[in-house]
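Kindly produce the complete structure, drawing on both the sequences and the hints.
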Amino acid sequence: MAIIEPGHAAKQLIYERIFRSATFTAAILVLLILGGVAASLLRGAWPALSHFGFAFVTREIWNPVTDQFGALAPIYGTVITSLIAMLLAVPAGFGIALFLTELCPPLLKRPIGVAVELLAAVPSIIFGIWGLFVLAPVLQRHVQPWLIGSLGNAPAIGRLFKGPPYGIGILTAGVVLAIMVLPFIAATMRDVFDTVPAMLKESGYGLGATTWEVIWNVVVPHSRVGIVGGVMLGLGRALGETMAVTFVIGNAHRISSSLLAPGTTISSAIANEFTEAVGDLYTSSLIALGLLLFLITFTVIALAQAKLRRLERRVGAAV
Amino acid sequence: MNRRMLRKFKNGAFLTLSLLATLTGLACLAALLWTLISRGLAGMSSRIFTQMTPPPGGQGGLLNALYGSGVMTLLGILIGSPIGVLAGTYLAEYGRSSRLSTAIRFINDVLLSAPSIIIGLFVYEVVVVRMGHFSAIAGALALAVLAIPVTLRTTEDMLNLVPIGMKDSSAALGAYPWRTILSVLYPAARSGIVTGLLLAIARISGETAPLLFTALNNQFWSNNLNAPMANLPVVIFQFALSPYKDWQDLAWAGALIITVTILLLSISARVLLALLQLQRGS
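Protein sequence lines correspond, in order, to chains X and P.
Our numbering numbers the first residue of the first sequence as 661 and each following residue consecutively.
Our numbering numbers the first residue of the second sequence as 1019 and each following residue consecutively.
All the given hints hold, so there is nothing to weed out.
Computed spacing ranges between beta-carbons, pair by pair:
#, chain 1, residue 1, chain 2, residue 2, range
1, X, Gly696, P, Gly1075, 39 to 45 Å
2, X, Ala698, P, Arg1065, 44 to 50 Å
3, P, Ser1064, X, Gly696, 41 to 47 Å
4, X, Leu811, P, Thr1042, 19 to 25 Å
Hint data in this document are derived by calculation from the structure and do not stem from the laboratory.
Remember, it's a predicted structure, so these values are computed and weren't measured experimentally.
Note that beta-carbon positions come from the ideal geometry of N, C-alpha and C, so glycine has one too.
As structure tokens, then:
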């Protein structure tokens, strides 16, 4: 290239191209990572999936000795523990968010809000060991016997609370998960509630509505999209959570009708067994579990993001 | 009159429930912190920082695990954060609202909340299987993948907060975008980007699941990046599940160290951000 200009401009252009392509490459890398995750999981899972076919997701058996693997028990455990976690954490998170936005004295608002946000950063392994050493014994000694005694003989739901109180198991894992996602759900919901324009709320109060009526008829409908998005993000976390569950789930590959019995989840099965797995089919089956988890969480997170984006656009349009 | 009473009652009932939910939630979390602090402090001793992880039942410290965690977290950030910052720069300054950028932003948000164990499996498949053995470098790569989405997100957000006038002034002086970004935007957004880095360090230094089958663990001091390396989270995992009292005590001490580190990182990130806002305001 002939240098007609005094060198400077041409050099600048070259630098610009270099810098721009560097940023572009980095951005594309993000796409490649997700593609790579999907591709590598699929490749790793292929031996198991081609060997067992669709039956892999419908069979409960998990026997490393005879090389028979099915994902039904881990899928069941993942779904049920997350469900329990959501049943406990969503109302509690809603309550905390409500308290923080509508009831809390202004002086306490920031400290409690910050504390909740900081707790969301505590690594999940901490919740796991706490669950194992503190929560499980408490549940075993005090809560589970009571559940067995009072609900164990109830019609329909009685089956859920039968059997000995092991301490560890599906229910305990669900409770630990609930405590873990609670700060996250509460913080997200509070942020969503904060997007409700003050004027809307004041209109409600002006019409003589009580605090609860304003919340239920103004705040909640206005922030519904965001609430659903936040809850689903929390669900995504609960579904994929590994360490908090692994400690207290009991790692039993079977589906029990009782919530008090030990079980397993996709992530805890992988964490417990992966480095000990011998044989290609065993390893491949565990990776296939990972692939299932990837598909499930990807769907949930993607839906949640779509919802939250809709909220952002609406808030953006209103401003 | 009756109706009014009912409404008042309903109001009171639900607000009490909300208060109860807050108290129960905070009580659970306080109980957790209390156990962590009391048992962690009980397990704390000078041995923790001077001795290696002990054999089963023996006494010892966490020195090799602390070192390994430090090395892998540092490497993870060194690899991950430049990618995150550059990609965030692309989204904020070059790509903006193109289709590709929207897709990348979406994928990044998905990666941000994707289960970390999946990332561990990914790195296992791509690195560990290829190399034929577990290694510290595989662990660092897994952490890097987790650090990218955090830094990308904050970098983009922070660059978008820089007043447009600064960008325009630079362009009016004839600067190319790269010059504007490096000399005007990055300095203006510096504390914001550093916040992102702190958050990323906080995020990856407590991660356990992705290290289980990438870096594995090592009972001894190791400087070899090509071999398994001890790290705090996996040591906590193994020791807490062991039947030995000494190991469990070490696990609690390690848990306290990790949590305090992460809380300090998150708090400094917040303070930085608050200072930034203060600056903006004035």
